[in-house]
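If you're matching them up, the sequences are chains A and B in order.
Under the numbering used here, the letters of the first sequence match residues 389 to 960, in that order.
Under the numbering used here, the letters of the second sequence match residues 16 to 93, in that order.
These are computed hints drawn from the structure, not numbers from a lab.
Cβ atoms here follow ideal geometry from the backbone N, Cα and C, with glycine treated the same way.
Please note that a few of the clues may not be correct.
To be verified - Between beta-carbon pairs, the in silico distance windows are:
id, chain 1, residue 1, chain 2, residue 2, range
1, A, G498, B, K39, 42 to 48 Å
2, A, M389, B, K69, 43 to 49 Å
3, B, E79, A, P738, 37 to 43 Å
4, B, A77, A, K510, 46 to 52 Å
5, A, D940, B, D46, 30 to 36 Å
6, B, N80, A, N731, 44 to 50 Å
7, A, K845, B, N33, 54 to 60 Å
What follows is each chain in one-letter form.
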Amino acid sequence: MNFNHFKKNLKKDFSAFQKVRVAVLGDSATQLLVTALRGYGYEQKIDFQLFEADYDQVERQIFDTNSEMYHFEPEYVLICQTTEHLSKKFYYTTHSERAVFWQNHLQTLGEMCQTISQKNKKTKIFYLNFYELNDGIFGNFANKVNYSFLYQVRKINTGLMELGQELRNLFIIDLASLLTQYGHKNSFDSKFYINADMVWGLEFLPMLAKRISDTVQSISGKIKKALILDLDNTVWGGIVGDDGWEGIQIGNLGMGKAFTNLQIWAKELKKRGIILCVCSKNDEKIAKEAFEKNPDMVLKLEDIAVFVANWDNKADNIRQIQEILNIGMDSLVFLDDNPFERNMVRENLPEVCVPELPEDPAEYVSFLQELNLFETASVSDNDEIRTKQYQEESVRLSEKKHFANEEEFLANLQMEAKIQPISKFNVPRVAQLTQRSNQFNLRTVRYTEQDIEQIAKSENFASFTVSLKDKFGEYGLISMVILEKKQGFIFIDTWIMSCRVLKRGVEALLLNEMVKFAQNDGLQTIIGEYLPTAKNGLVKDHYQNLGFSSKDKIWELDCGTYQLQKHFIKHG
Amino acid sequence: MDKILEDIKTIFREVLDNENLSIKPETTSDDIEEWDSLAHIQLVVAIEKHFKLKFKTEEIMAWENVGAMCEAIHLYLN
């Protein structure tokens with residue numbers, strides 16, 4: 389991560405990249421941050437279109453609703469207020485104001501967010517939290533004095549987390565934890581602060597730019613969904629084929645601890661919805677034995693969604709894993725201690741993220757934590773059971789082989805669906821579907837939870853969500869449509885389905901519901917649109933297959949002549 | 016001193032991303048379009064890193080030309 393390297397990117401061609409409009413407002417010099425952000429964006433294939441406000445204009449740009457910032461029409465507003473300036477403001481307050489300094493600060497921020505939202509509900513606000521400076525006035529005792537600067541700045545940082553939960557369009561960029569990792573001494577140069585009011589050093593700016601860009605990426609749906617693990621010397625020390633399940637290094641002794649720590653970290657990722665897979669050059673039986681028999685293994689077989697252990701090349705094996713999971717190559721992370729395997733996978737599957745693991749396993753976890761690979765813009769209760777769903781899927785796939793035809797198989801699944809409108813219970817999952825789904829997604833409009841709440845409340849919109857289960861287990865909420873009521877017809881704003889339920893008949897079920905809904909509203913026409921992306925070729929013929937007729941790049945269905953589609957899903 | 020000037024030339028060309036810069040001791044920031052106050056900061060960082068030294072705040076704003084920069088570096092190195 390070198391500033392000069394990113395700066396040189398500025399002269400390159402961004403024209404093929406996705407454009408993202410960001411307004412940067414700072415209380416200190418932000419020119420070089422803007423340079424770093426645009427330069428880093430090139431590496432991520434983002435064309436950051438940046439508006440930089442004049443120096444120290446945060447409040448004016450936001451509260452003046454006719455300001456240059458609003459004319460710029462940003463998708464994101466990045467507010468950089470710094471500890472260096474915050475402390476000065478603090479020192480100017482009177483003693484009685486100091487204990488409530490944090491509340492006043494957050495109240496102003498809340499008002500800023502509200503003003504921005506009133507102007508445009510879709511604008512997301514990025515706010516940097518604060519470097520937790522002990523200014524040396526009270527020493528350690530500052531922790532016991534509620535009117536010390538340290539006390540107040542920490543109250544602001546925790547308050548920001550609460551405000552972030554309240555305001556869905558506010559995202560906190562965690563500068564404080566980045567500085568804890570990197571060290572304030574390495575990020576700050578007094579010379580440039582005094583001369584140019586620059587609070588972040590050149591070496592640090594690319595890291596901050598990465599954090600900002602990571603969050604933009606996650607909001608636009610570019611996230612990592614699965615972690616594929618090598619076994620020998622990655623998940624445990626030693627070679628299980630040589631050392632046996634009882635001889636591998638794992639547990640609390642010696643080197644074993646380093647591998648245990650990696651397993652604990654991977655298991656936490658699994659709990660939050662990242663799919664774990666194994667891809668190892670091993671005999672499958674011997675490899676699985678370690679999971680089943682070694683009591684020190686933190687990862688168990690049930691944590692692994694797809695287990696591939698054989699002697700084939702790893703690129704082919706990863707391709708196979710990707711097919712089973714049915715998610716994009718670019719959402720996979722592959723960990724392997726062996727540089728040869730890493731390069732092989734990088735060369736054959738350039739979209740897969742392959743971190744350059746340090747040689748010393750003791751450094752694995754801290755190295756991976758610093759990379760911030762698994763940034764996300766939402767979490768939902770569905771995340772935790774995802775692995776189980778993929779395992780159920782592989783059972784279903786093997787079951788399918790026993791049936792002579794598709795219809796018999798589908799009837800045998802005993803599928804049951806629950807069709808519901810969007811409600812406060814499913815807002816997080818619905819928003820997440822709009823952010824994560826790339827393949828079965830007709831228009832790829834990304835919505836935040838806040839957007840979804842607005843849609844649920846609006847009279848102009850209707851929505852159906854589908855939760856599905858069958859005899860093997862629950863799929864959870866796997867499909868949804870958002871319908872916009874227009875003059876004389878219904879427009880399908882969003883139609884998304886999880887690829888785990890492809891070819892189960894959910895599309896037919898939903899279309900039947902939509903037609904009933906339209907007719908109840910006295911409308912005879914449903915209009916759909918397909919907006920192609922690099923990833924949604926799967927649904928290119930979706931409307932044609934369902935009997936819509938093509939008309940100037942849109943698809944039209946006449947409800948009057950519509951015949952209900954056949955499917956095998958029971959629903960209430 | 017000549018060695019210092021040679022190194023400085025390389026650093027200027029690298030940081031300002033211009034292979035054709037002509038750098039002489041009497042060159043000032045007025046002579047080079049890319050050499051603005053932000054580029055100056057990047058130059059100082061690169062020079063500090065290359066020569067493994069740390070300037071004082073007063074110094075970095077006081078140099079009237081490239082020659083003065085070399086002079087300051089020369090003093091630090093000896």
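Hint check results:
1. G498(A) <-> K39(B): 42 to 48 Å: violated, 56 Å
2. M389(A) <-> K69(B): 43 to 49 Å: violated, 22 Å
3. E79(B) <-> P738(A): 37 to 43 Å: violated, 50 Å
4. A77(B) <-> K510(A): 46 to 52 Å: holds, 49 Å
5. D940(A) <-> D46(B): 30 to 36 Å: violated, 60 Å
6. N80(B) <-> N731(A): 44 to 50 Å: With Cβ atoms ~48 Å apart, the hint holds.
7. K845(A) <-> N33(B): 54 to 60 Å: Given about 56 Å between the Cβ atoms, the range holds.
Going down the numbered hints, you'll see the structure goes against 1, 2, 3, 5, while the others check out.
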